[in-house]
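Participant: Each chain, written out:
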Amino acid sequence: MAPITPFNTSEISEKARRDLLLLLEGVRGKKNLVLEKALAGPLNLLVKFSTLQEYGVDRPFFLENDNVDSSQRNIVFLVRGEKAKTVLAVADQIKRLRRNGSIEHEFSILWVPRRTMVSDQLLEEAGVLGEASVSEWPLFFVPLADDVLSLELDDSVTDLYLRKDPTSIYLSAKALMLHQQRHGLFPRIIGKGENAKRLADLLIRMRTEVTAGESSNINGASFLGLTPSSTIDSLIILDREVDFPTVLLTQLTYEGLIDEVFSISANQTEVDSSVVGGAAPQPGQTGSASTTMKRKVMIDPKDSLYGTLGDANFAIVGNLLNKAARRLQSSTERNQLASKTTAELRDFVNKLPGYQAEQASLKLHTSLAEEIIKHTRTDIFTRSLEVQQNIMSGADPTTQHESITELISRDIPLPTILRLLCLECTTNAGMRPKDLEAFKRAIIQAYGPQHLLTLSSLEKMALLHPRGGSGLGATPAAKPGSVTNYTPLRRSLRLWDDEVNESEPNDISYVFSGYAPLSIRIVQSIIQKQTLANLIKPSSHPQAAAQANPLAQGLRIFDDATKYIRGATFDETQTGEEKAVKARSMLNGSHNDAAKTVIVFFLGGVTRAEISALRFIGRKLKEVGGEGRGSKIMICSTGVVKGGSLVGSAIEAERFG
Amino acid sequence: MSKPTANWEKVGDKFYRRIELYRNIFDTDLELENYNVVGAPYSGAVAIYRDEDKIHAYRGTQAAKSSIDVYSCAGTLIRRINWDKGSIKGLGWSEDEKLLVVTEDGTVRCYYDLQGDFVPFTLGHGADEHGVQSCRFWSSGFVALLGNNHLISVSRYDEPRPKLLAIPPPDPVVSWAIIPPAYSLSRSVEVILAIGTTLYVVDATDAEDRDFTAGPFRHISVSPRGEFLAFYTDDGKVWVVSGDWSEKLSEYNSRAKTVPKDMQWCGSNAVVLAWEDEVHLIGPRSVATKFYYDAWVHLLPDVDGLRLLTNDVCEYLQKVPDETEEVFRLGSETPAANLLEASNLLDQKSPKADDLIQLIRPSLAGAVDTCVKAAGHEYNIHWQKSLLKAASFGKSVLDLYSSDDFVDMCETLRVLNAVRFYEIGLPLSYNQFKRLTPEKLISRLTNRHEYLLALRISEYLHLPTDKIHVHWAQQKVRVSTADEASICNLIFRKLHGKPGVSFEEIARTAYDEGRVRLATELLNYEPRAGKQVPLLLGMKEDTIALDKAIESGDTDLIYHVLLHLRKKLPLASFFRVINSRPVATALVESSAWYQDKEVLKDLYYQDDRRLDGSNLLLSEALSATDLPASLDKLKLASKYLQDSKDYAFHRQQLDDAAKLLRMQETFEKDLNSNPGTSSANPSSSVSPGNSSFIGLSANETVFHLLRQSHTKRAQKIISEFRIPEKTAAWLKLRALVSARHWTELEELSKQKKSPIGWEPFFNEVLAAGNTRVASAFVPKCTGLTVAERVEMWMKCGLVVKAGEEAFRAKDRGLLEEVRGRASGSAAVEVERLVGLLPVGRR
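Going down the list, the protein sequences come from chains C and E.
If you count the first sequence from 1, you need to add 8 to reach this note's numbering.
If you count the second sequence from 1, you need to add 42 to reach this note's numbering.
Quick caveat, the hints were computed from the structure, so don't treat them as lab data.
It should be emphasised that the depicted structure is a prediction, and the values quoted were computed from it without experimental measurement.
Careful: at least some of the hints might be erroneous.
As the list claims (entries may be wrong) - Stretches of chain E that chain C covers, calculated by requiring three or more beta carbons in the stretch to come under 8 Å of a beta carbon on chain C: (1) 226-237; (2) 586-600; (3) 628-634; (4) 658-670.
A virtual CB, placed ideally from N, CA and C, is assigned to each residue, including glycine.
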């Protein structure tokens with residue numbers, strides 16, 4: 009029996025797809041599909057629109073547009089049921105259709121990922137529960153790449169840090185629990201951050217609850233399900249709150265910059281068609297509203313060219329593209345063809361479609377890269393990057409104030425400014441109250457009084473706060489351990505790398521051209537202790553480097569570092585009955601320690617740069633003789649974030665007039 | 043021992059058998075002919091009720107009392123449900139032995155546990171007006187026919203959603219039947235209606251006329267898996283048609299004058315007609331056989347056969363399974379038959395046994411399989427034993443044989459024999475048991491309160507026992523008269539440590555029985571916090587419910603409790619409840635932010651959260667539609683903070699915002715009423731903010747005013763809001779550049795000092811494309827290096843100037859670089875400069 013690989017992405021998407029199609033099949037005949045905008049991306053990733061059509065979907069509508077018509081008798085809603093707002097929107101639309109529809113509709117509601125009691129209650133109050141047949145589509149993780157699973161909860165940042173609404177924690181726990189039930193308990197749960205702690209507690213709690221209710225649902229794996237897994241090494245949970253600066257920085261990997269410049273959602277980015285050429289719209293899009301000049305481009309992690317580009321620092325992307333172009337050209341060169349034998353020719357012709365696809369991909373990425381270069385050459389970009397690098401390398405932040413003030417005066421987009429200010433606050437445990445007030449005034453004068461709300465929200469999220477003293481009353485006085493102290497961390501975790509090598513990276517610092525993301529350093533301090541120890545404290549004797557660095561023992565680095573980082577630290581081991589453990593390892597084949605999976609869960613979102621950095625570590629771990637013994641890293645998150653969306657969640661959109 | 047073939051009947055080339063399951067079923071006084079009888083699938087319970095259309099002898103008031111009686115197949119009364127709810131128009135069972143009672147007014151009662159507890163729902167769709175005529179049931183749903191020929195289908199009972207099917211013609215329906223959704227082509231329920239001489243097939247979307255002329259069809263019956271349809275015509279013929287209507291398979295003439303009382307399928311291979319005490323069994327190819335009974339006979343169809351029920355006897359009619367036929371048929375020479383024979387001979391210690399075995403040696407494995415299977419199909423324990431013995435004997439001769447099937451069969455038979463025992467009365471056939479699954483069998487047993495047997499079977503088959511325990515405890519709670527403490531003790535002692543036991547369910551029962559204290563005590567044993575919540579709410583233990591919900595971490599549950607509390611409690615006490623629970627407060631806030639801002643306001647007021655309250659007012663000010671309203675709200679927001687020193691800054695900003703708005707309003711009035719001044723510059727018409735200043739930030743206002751050359755007004759704002767000098771300079775620069783006031787910019791270049799230096803001027807002007815004006819600023823950038831200035835000159839296209847710059851600095855390298863980039867006359871000039879430069883020491 010082949011061992012079950014945990015977190016198999018294709019299996020996950022296959023199951024989600026099957027579940028959905030089965031549900032759609034349950035509604036007989038043609039139907040109109042009303043979906044929440046936030047679900048369009050994941051849906052597009054999982055199911056092609058043509059497949060949906062095969063299952064009777066006539067036209068898709070967005071819930072937010074409130075424009076579903078009576079063209080079909082069957083109407084299927086596909087929405088998340090956690091928020092009262094969406095539930096009420098569904099109820100309103102049903103009522104509207106019932107009022108002015110000429111035909112009698114059949115309504116079905118598919119709640120994602122679960123049917124909630126609140127939704128039932130609200131629908132009942134609205135008087136529509138009796139008319140809709142309600143079911144649920146248990147969509148939790150959506151695979152974005154082979155090693156990235158996302159819950160695609162777009163609101164999770166706002167919910168967790170601004171509104172303090174723990175829904176995403178619960179959903180994350182549910183999603184992880186489902187995997188525990190399938191693949192066994194995570195033998196160890198370790199992590200940092202208040203919310204992360206809550207998630208870990210929930211997982212442990214759910215475990216006892218599942219054990220209590222175990223035998224009521226009989227599936228074969230259940231008795232094995234709750235023993236520690238033999239294929240998973242550990243679960244590392246990181247609260248986004250622990251490391252906001254990494255999000256606030258401008259990402260410098262290719263994928264990160266695409267996200268910063270064009271923004272990516274569910275592996276899709278929208279680019280002006282003048283940039284990539286107005287080719288035919290991509291087939292199989294859900295909700296194709298691409299009549300505008302924008303064109304949707306699929307950022308496909310499986311594309312071989314993109315695979316090499318995506319995680320690279322943007323500085324070397326030009327070179328890589330060049331190389332790829334030359335390689336392609338040489339293999340398709342006409343005069344070379346003449347000298348080929350027929351067998352070679354046939355071989356060549358067979359490869360032609362591949363070449364063409366590669367050619368197209370090369371063209372696309374070249375034009376994307378050109379567009380990004382245009383962006384990175386602007387004065388504003390370089391200025392803000394300069395400020396960021398100075399702050400991260402530990403320069404006195406007050407020296408940067410002038411630059412920031414000037415940028416404000418030049419009326420550059422607000423998110424950029426806020427990112428810089430928040431970066432300063434989060435890395436320096438706040439800002440001098442006087443300076444903070446001056447910046448606040450400047451922002452309000454420059455961007456409008458509505459941003460009083462924006463600033464309040466940022467303070468609530470602890471992104472912006474005066475140093476030391478109490479906040480503006482609403483935020484309680486800073487307790488020890490409630491802020492991260494970067495000064496010792498810079499040294500003890502070597503967060504700043506002056507000798508960064510972008511073309512042949514030797515450390516994760518390449519993703520930000522100098523700064524090594526704190527979050528990833530924490531992960532390293534758990535799974536790549538030896539490398540990190542040598543990095544921090546290169547041993548004096550070169551021969552001794554191979555030997556154990558005293559720092560690498562136990563969790564020394566982790567324990568030392570987490571003292572200075574805000575939020576709770578936890579380290580739980582989950583054990584099971586010895587007999588069951590044995591049974592499991594017998595079933596899955598003995599693995600000893602090799603090739604286990606480490607799951608890194610980012611609560612509150614992960615940035616693309618962090619994904620790249622983790623992949624970098626993953627490659628190192630896989631190397632023969634590496635300390636990871638070939639273990640794999642699986643990245644899970646509530647969603648993919650970037651600085652713009654982090655501060656964007658606080659920005660007040662309305663204005664006077 | 044009678045021969046196993048004694049009850050076999052040959053119909054054509056197939057054998058059918060009537061197995062007598064139980065005797066002395068009903069009281070002989072019971073006039074079964076006056077009753078409607080329906081049996082649950084998989085040999086389940088039988089429900090009877092008196093047919094109101096038939097007259098019956100008066101036996102005093104007691105007997106006249108109407109009731110639905112539920113019996114086991116062996117005639118044990120399980121439950122009597124007294125009935126005074128109106129005329130019953132449909133009575134049927136679901137697969138999981140729920141009894142459905144449909145009354146004329148369209149009310150459906152779903153008795154889910156054989157014990158008289160029911161869940162009601164109504165059909166709607168005009169059922170109360172037109173009245174239900176009759177119903178047809180399938181494993182998980184039913185279709186009701188109304189007086190106006192409308193058809194209503196219900197496809198599940200946990201969440202019934204009565205749906206109106208397509209509307210057939212209104213002529214009287216002679217007979218009708220349904221094809222269950224699992225077996226219909228459209229995967230939804232289909233109804234066959236005999237109307238006039240033809241047949242209609244009705245599904246959710248249309249009613250299709252099948253164009254028959256041979257009607258009227260008196261009976262319609264659909265085989266258990268929908269592969270065949272049987273029709274009884276007016277002239278006494280039975281037609282069998284394939285399920286896809288493509289061909290007529292057979293026609294049988296019953297030659298009967300009277301229309302039979304009932305027509306049903308026996309499994310999927312024979313049709314049974316029943317008159318009062320006469321039964322015709324029609325096999326394939328229209329061959330038939332007849333049986334006669336002493337009393338009125340009822341047909342209870344099942345998946346693989348048919349139960350025949352009279353007062354006196356309960357029989358099971360089925361086609362003899364292939365394996366059984368193979369073993370037992372007279373003169374059978376199959377290996378299996380020989381194996382059985384050999385086993386018998388072995389018992390008699392006859393040496394022939396070995397001869398026989400050697401004879402069938404090559405096919406012995408198959409023979410063993412056949413014997414094992416045949417044993418499964420056998421009801422008689424004697425024959426089960428001898429078949430299994432034969433199999434065991436055969437097995438022992440074989441070198442390699444997997445005994446799994448054999449062992450399974452032994453276990454299964456033990457279970458089957460136990461439940462077939464007359465006191466239990468579940469005469470399941472082997473196939474029925476396999477389809478029903480052991481878990482469902484256990485739940486049938488618990489519904490009959492056969493806990494001990496259920497437990498024994500569960501343990502025997504390694505099945506979970508939690509449901510049985512819970513059911514037992516619930517029953518205990520219901521009926522026990524002991525005091526609450528001892529019940530709780532008893533239950534806890536028995537159930538403690540058993541996995542999967544839900545104390546919540548038991549507690550709920552206790553609560554429903556009015557034993558609140560017992561319920562609370564039991565609930566404490568429930569390990570799953572989430573599970574406790576609904577019951578706690580029901581018990582009005584609201585705060586405990588809220589705490590438990592928070593403990594579970596499930597926001598849905600917390601919301602649920604909060605919604606409940608919000609409705610129940612006055613606002614002030616609601617706030618008091620959530621006040622000490624930050625998660626609850628956060629959830630109330632986040633949901634109220636979108637829906638109910640008034641609640642939020644009260645909340646902030648009560649909690650004295652001034653900043654939040656003021657922010658809320660600010661956001662209301664933002665969404666207000668007209669200016670005075672916005673200003674009012676701003677004023678309120680500011681007032682909200684007035685007592686507190688901490689918020690002085692915030693308050694200041696709010697006041698400034700109001701001030702700015704007012705100023706913007708006056709600007710707008712002034713400038714729009716006096717277009718002559720505002721349109722001094724034609725390019726200002728491009729400005730988006732020309733029409734409205736309101737809503738702009740202070741900087742933007744200054745920017746637009748400057749663009750439109752309202753310098754004085756701009757100055758006023760700058761001083762009023764103390765916009766820093768540098769910012770003001772930037773604003774001026776940007777405004778002038780965007781309005782392309784080049785002359786004024788040149789004018790600026792003559793000034794001595796700029797708070798932001800001159801470089802930005804150069805950059806912005808150059809970016810706007812005016813190299814001439816940009817060049818004016820180059821000499822002023824004294825803070826820069828020579829090389830940078832040279833580059834600036836070059837950017838302006840003034841190569842000579844660049845050369846001069848380099849010359850002044852006596853930088854030969856730079857000068858030569860300039861020369862390299864120069865062309866035409868400029869090149870000559872630069873060359874000259876190079877020449878002028880003294881050749882320095884290298």
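Participant: If you test the structure against every hint from before, which numbers come out violated?
Facilitator: none
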